[in-house]
Every structure is written in structure tokens, then in C-alpha cells.
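K.L.:
Protein chains in written order, with my numbering: chain A, 1 to 240; chain B, 1 to 240.
These are computed hints drawn from the structure, not numbers from a lab. Watch out, some of these pointers could steer you wrong.
The following residues of chain A were derived to be distant from chain B, with all beta-carbon distances above 12 angstroms [as the list claims (entries may be wrong)]:
1) ALA6
2) MET8
3) GLY30
4) ASP38
5) ARG43
6) GLU86
7) LEU102
8) SER135
9) VAL162
10) LYS209
11) GLU225
12) ALA229
Example chain B residues on the side facing chain A (calculated, C-beta under 7 angstroms, incomplete) [what the hints assert, rightly or not]:
13) GLY12
14) LEU16
15) HIS26
16) ALA29
17) GLY30
18) GLU41
19) ILE186
As the structure is a prediction and not an experimental result, all values here were calculated from the model. Glycine included, each C-beta is placed from N, C-alpha and C at the ideal position.
There are 2 protein chains.
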Amino acid sequence: MPNPTAAMLVIGDEILSGRTRDANMHHLAGQLTAVGIDLREVRIVSDDAPAIIAAVRAMSARFDHVFTSGGIGPTHDDITADCIAEAFDDSIDVRDDARALLQAHYERSGQELNTARLRMARIPATATLIDNPVSTAPGFAIGNVYVMAGVPAVFQAMVASVLPGLTGGAPLLSRSLRVMRGEGDIAGPLGIFAADHADLSVGSYPFQKDGIYGANLVIRGQDQERVDAAFATLEQLFVS
Amino acid sequence: MPNPTAAMLVIGDEILSGRTRDANMHHLAGQLTAVGIDLREVRIVSDDAPAIIAAVRAMSARFDHVFTSGGIGPTHDDITADCIAEAFDDSIDVRDDARALLQAHYERSGQELNTARLRMARIPATATLIDNPVSTAPGFAIGNVYVMAGVPAVFQAMVASVLPGLTGGAPLLSRSLRVMRGEGDIAGPLGIFAADHADLSVGSYPFQKDGIYGANLVIRGQDQERVDAAFATLEQLFVS
């Protein structure tokens with residue numbers, strides 16, 4: 001049986017203007033190759049609704065899976081979700097499930113869920129959410145299209161959420177712990193923890209915020225009890 | 001007046017498989033931005049004739065300029081030239097002008113112009129050649145499409161050959177000198193030479209072959225006499 005095929009659509013002006021160099025394409029290409037899915041085409045388009053809609057329709061019709069990155073943030077030029085809804089003739093509005101995720105996230109961090117941030121809860125009616133263990137605002141899947149963030153750490157975490165479901169494996173459950181220490185401090189004990197939990201996937205997604213280094217540590221597995229137990233151990237290790 | 005628009009088509013499996021990370025897209029994006037041409041879309045397709053032909057036709061119709069990279073080498077999977085000819089309903093065969101360039105190049109280097117290398121002289125009948133000061137085998141322009149090599153040093157040299165003609169400047173003439181010394185040895189005197197010839201463009205394209213470092217030094221300018229005089233000086237400097 002031939003391998004399943006895939007395409008990627010990168011949305012945004014940063015790469016086309018030469019300001020930034022692609023990281024997500026390279027990451028996805030490697031991940032897909034590793035699981036035996038053939039990445040056949042990549043398109044990069046700017047924040048332009050007709051271009052996005054046309055590309056999504058063309059690629060969705062031609063390939064088994066389509067992955068998009070970029071354009072799902074809180075600013076006016078984040079138009080990906082609305083374009084995807086239109087490409088699938090679906091309706092779109094702020095959805096209660098996505099709003100609840102954001103509400104809880106911003107309450108925890110003491111920030112306001114303002115109108116701009118609420119944009120990130122605009123999800124097509126028939127889509128299912130994609131877990132974002134790094135910064136909460138979800139991606140979504142509709143038809144054979146997986147809509148993910150452009151920030152590399154978030155993109156990578158979402159790819160890790162999505163891929164097991166495409167390769168016939170059971171969907172992975174995840175729990176994540178935000179640790180306000182640099183990865184250099186974390187790496188030693190985290191490596192031992194990962195070796196002790198070889199049946200789970202343990203990831204570290206570093207960030208820097210207001211000059212402070214931190215990381216989101218993500219545990220993924222198929223069994224909720226195992227994941228919960230490992231999470232409790234992780235908390236003991238890194239939250240004192 | 002709005003800026004002219006452009007698109008890029010990257011041809012080949014290396015990036016899609018994750019083996020290599022794109023360099024040409026980033027280079028072209030920066031160069032186009034610098035001269036006020038808007039890069040609106042990039043597509044990456046594999047060595048697949050229908051995909052290449054469809055992409056070239058779609059992009060050529062929609063944008064002012066289209067740049068391609070990859071698939072014009074000597075091996076069986078280098079099918080770009082034939083695909084471009086088909087996209088423009090043009091005929092294609094080994095062309096005398098391109099063959100003469102390759103013949104002279106391989107005679108100088110004592111290598112045989114075999115059947116495989118002769119593939120690089122297959123050029124659509126109505127195309128014009130694009131200068132390749134690094135490794136001789138030419139690119140070509142047909143309609144609004146510029147067909148260039150995938151090897152980054154060659155791609156960059158071809159972009160430098162093509163861009164002035166797109167921005168209303170006079171076409172540049174070039175002469176190149178192959179120097180079998182590393183760039184670290186060359187850089188000092190070459191910097192002084194470039195400063196002494198501020199009306200010309202002076203480029204260095206390094207290579208490594210059989211463990212020996214070298215560089216193709218390229219002089220570009222609008223006036224043949226100035227270019228020739230500068231070339232003579234360059235020879236005195238670096239060929240002893």
C-alpha cells in the first residue's frame with residue numbers, strides 16, 4: 001500500500017519578506033518522514049484571504065492530510081480560522097469549549113481575556129480542537145485539514161498532539177506543567193524522569209518571557225492513570 | 001504604482017523529505033524585498049512532472065515574475081527544463097549555444113562532456129540563457145519564468161545575474177575567475193580590490209572540491225571595457 005500523502009500550507013508574510021527563516025516546514029517534513037507519510041507539496045502564502053482559501057481547497061482535495069501553520073493569533077491579520085471555515089462552507093464564531101480553555105488559562109495567569117484574545121476562540125462549528133499544551137489557545141481539525149499555530153514551540157507541540165491519530169495509533173492524552181526555570185537546570189532530572197517513564201512521551205518546550213526563562217513540560221500517553229501519576233511525580237520534582 | 005509581484009517554485013525532494021533545510025527561498029525573499037518586488041507565494045513540489053507543469057502555469061499566469069530553483073542538473077530526475085518547455089508549449093533539445101558553453105568549460109577542466117552532462121544543455125527553443133559564473137551550466141528565462149539551479153552558490157549567482165534586468169537597470173555583464181585558494185586567503189586583497197572598483201559588483205562564491213578550497217570571483221558591470229580592465233587586475237592579483 002502506498003504511503004499516505006500530505007501537504008503543508010504556511011500562512012504569513014514573515015517568510016515571504018525574508019524577515020524570518022522557516023522552521024516549521026523543516027520540523028514537519030522530518031516528523032512526517034519518520035512516520036511514513038509523504039510530504040508532497042508545501043505552499044507559503046501571505047495573509048490574503050482568497051489565496052488562503054484557494055490553497056486550502058486545492059490541497060485538501062488532492063492530498064490525504066493538510067497541515068497549516070500561522071495566522072491563528074489574536075491580531076487583525078490572523079485570518080486563518082475564518083478562511084478555513086469558508087473553504088469548508090462552515091460557520092464560525094467564538095466557541096464555548098475554546099473560550100473555556102482560554103478563560104481558565106488567563107485566570108490562572110491573572111491576565112484579562114479581552115476581545116483580541118477572544119479571537120483565538122473563533123473556531124469553525126464542525127471542527128475538533130487540537131491540544132496546545134504550550135500556550136493553551138487551541139488549533140483545530142476540520143475534514144482532512146489540521147490548523148496549527150506559527151510559533152515554532154506551539155507548532156511542534158500541536159504536531160505531536162496530532163500525528164499519533166494519523167498513523168493508526170490511539171490518540172494521546174496530555175498534561176503539561178509550566179516550570180519557571182531554564183532548560184539547562186531542568187535537563188538533568190528531566191532526562192532521568194523520562195528514562196523512568198519510557199512508556200510515556202516527555203517533551204520540553206522552552207520559552208522566555210519578560211527576561212525569565214521557563215519551559216512547558218508535556219507528558220503524553222494513552223492511559224490517563226499513567227499520565228496522571230507521572231504528572232504528580234513531575235510536580236514533586238520541579239515545583240517546590 | 002504597486003510593486004511588481006513574484007512567486008517562487010522550489011523543485012526537488014530534499015526539502016520535502018526534511019533532509020535539507022531551505023536556503024534559496026530565504027535568499028530570494030531578501031533580495032526581492034531589497035529591490036521592491038513583492039514575493040507573494042512559494043510552492044515546493046517534488047520531482048513530479050504534472051505537479052511542476054501545473055504549478056508553473058498557475059504561477060506564471062498570476063504573478064509578474066516566477067523564479068524556480070532545482071532540477072536542472074545532469075541526472076535522470078532533473079526534469080525541470082522539459083517541464084517548463086511543456087508548460088509553455090515550447091520544444092526542447094540540446095541547444096548549440098548552451099552546448100558550446102559546456103564544451104569550453106569541460107575542455108578547460110579536462111573532463112568529458114558526456115551524455116549526462118549534455119542534459120544540462122537541454123534548453124527550450126525560445127528561452128534566453130541565464131549566466132552561471134560559478135559552474136557554467138546555464139539557467140534560462142522563458143516568458144516571465146526564470147529557471148535556476150538548486151545549488152545555493154549557483155542559485156545566488158544566477159539571481160544576481162537576473163535581478164538588475166527586472167528592476168529597470170541595464171543588464172549586467174560578467175566575467176569570472178576561478179581561484180584555487182580558500183576565501184580566508186582571498187578576502188583581504190579582494191576587499192581592497194572591491195573598494196577600488198566601486199562602480200562594479202564584486203562577488204565571491206566559495207566551493208570545496210576534492211578537499212581543496214577555492215572560489216569563483218565574479219565581476220559584474222554595465223560597461224564591457226571597465227569589466228575587462230578590472231578582470232585583468234584581478235588576474236594579476238590572484239593568478240601567479
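K.L.:
Of all the hints given earlier, name the ones this structure violates by number, lowest first.
P.N.:
Violated hints: 1, 2, 3, 4, 5, 13 and 19; rest satisfied.
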